[in-house]
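Protein chains: 2
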Amino acid sequence: MTPDWNALHAAINALTPIPDTEWEAFKQLAAPLNLARHEHFIRAGETGQHIALCLSGLLRLYYTTPDGDEFNKSFCVRHEFIASYSSLLTDAPSFFSIQALTDSELLLIRFRDFRALYDRHTCWERLGRLVAEQLFVKKEIRERELLLLPAEARYLLFLERYGRLAAHIPLYHVASYLGITPVALSRIRRKITRKGSPAS
Amino acid sequence: MTPDWNALHAAINALTPIPDTEWEAFKQLAAPLNLARHEHFIRAGETGQHIALCLSGLLRLYYTTPDGDEFNKSFCVRHEFIASYSSLLTDAPSFFSIQALTDSELLLIRFRDFRALYDRHTCWERLGRLVAEQLFVKKEIRERELLLLPAEARYLLFLERYGRLAAHIPLYHVASYLGITPVALSRIRRKITRKGSPAS
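Line by line, the protein sequences are chains A and B. Quick note on numbering: the first sequence equals residues 1 to 200 in our numbering. Quick note on numbering: the second sequence equals residues 201 to 400 in our numbering.
Treat the hints with caution; some may be incorrect.
Keeping only pairs whose Cα atoms sit at most 20 angstroms apart, straight-line, the calculated DMTMM-like set for lysine to aspartate or glutamate is [as the list claims (entries may be wrong)]:
hint	chain 1	residue 1	chain 2	residue 2
1	B	Lys338	B	Glu360
2	B	Lys227	B	Asp319
3	A	Lys138	B	Asp291
4	B	Lys339	A	Glu145
5	B	Lys338	A	Asp20
6	A	Lys139	B	Asp319
7	A	Lys138	B	Glu345
8	B	Lys273	A	Glu145
Worth flagging that the hints you see were computed from the coordinates, not collected in a lab.
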């Protein structure tokens, strides 16, 4: 795989401008990593050392309860950062696992190396701030949806957000992400199909 | 009220060093704001314009459902930042309200002014990144606790985290923060008292 560096540079530049010399330095840090479907990027209990950028594919972040039940906390798609971010920031074991749901192409970067960029040029400090802010907003939106929206509204938002990729996510994973049982999700899907909404 | 600038400077310096000239610029932006018990900093539906620093007191951040039920999402104590941060970052109405639970002294700063500091000196960019990272870690920890820990363990963590201040938080607010009913919380408290744990 040869990463499409231009598309990636454009995606990151849309957040904050990265001068060409800095972009060249960044490219030196990044190594390609292919994950086959069902392979893990990190497992709960391991301490994260890397961040990655998703070039293609689809991944899930999930918690495992002491009883072995799984809860999907979020999904990652193209051009999003992938990391057990709290684990990296606090140098503590990850609370959750990250697994590829389809064959996925990633760019792997040691977090230590990425962090060293902060002292090299302000653009990286700014990128770090913007990514942390985005992650925070994403989590706050999810918290609100879980607390305030009924399951059907949450499912429609899920379809809107993950669009075509939603077809690759098994229904029990979707149900777990929505915080409902697979049976409740089937009921919602039947109801929506009868109404003739986008999911039909 | 005269803010204890030295204590505040020390608290922020513990995150990242702020040079004296930058600290003077920051002080020019900040105005004292006293909130009486039960007064609001922001209400759901309003678009945030300010961030604040808590100098003393205790505040809660809470959601209101369409039925008028309230869910406490978090609390804010001394030297923590207070803001409807997603509202500020996305320039959208706040999803939640922030209310003082005790008389509280704040320092108020227009977010526009704070953001202008980012271009002035790297120390502010770094502070912005670190605060966003801390907020993110805090939310991820809370998500994990809600998904994986039983209510009793969540209550013990709450006591550990908010210590002495917990006495100022009415029990129905604590129950709402823990995601349980006040009746369930009373049961947990009785059980802990019988065991002779720190809450007794």
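Hint check results:
1. Annotation: proposed proximity of B:Lys338 to B:Glu360 holds, straight-line Cα distance about 15 angstroms (limit 20 angstroms).
2. Between B:Lys227 and B:Asp319 the CA atoms are separated by roughly 17 angstroms; this keeps the pair inside 20 angstroms, and the hint holds.
3. Of the pairs offered as hints, the one joining A:Lys138 and B:Asp291 holds, with about 15 angstroms between alpha carbons and a cut-off of 20 angstroms not exceeded.
4. Between B:Lys339 and A:Glu145, the direct Cα distance comes to roughly 14 angstroms. Compliance with the 20 angstroms bound is thereby established for this hinted pair.
5. This hinted pair does not check out: B:Lys338 and A:Asp20 have alpha carbons roughly 35 angstroms apart, beyond 20 angstroms.
6. Proposed proximity of A:Lys139 and B:Asp319 is contradicted: the alpha carbons are some 27 angstroms apart, above 20 angstroms.
7. Taking the CA atoms of A:Lys138 and B:Glu345, the gap is about 18 angstroms. The hint holds against a cut of 20 angstroms.
8. Among the hinted pairs, B:Lys273 with A:Glu145 is consistent with the structure: their alpha-carbon atoms are about 13 angstroms apart, no more than 20 angstroms.
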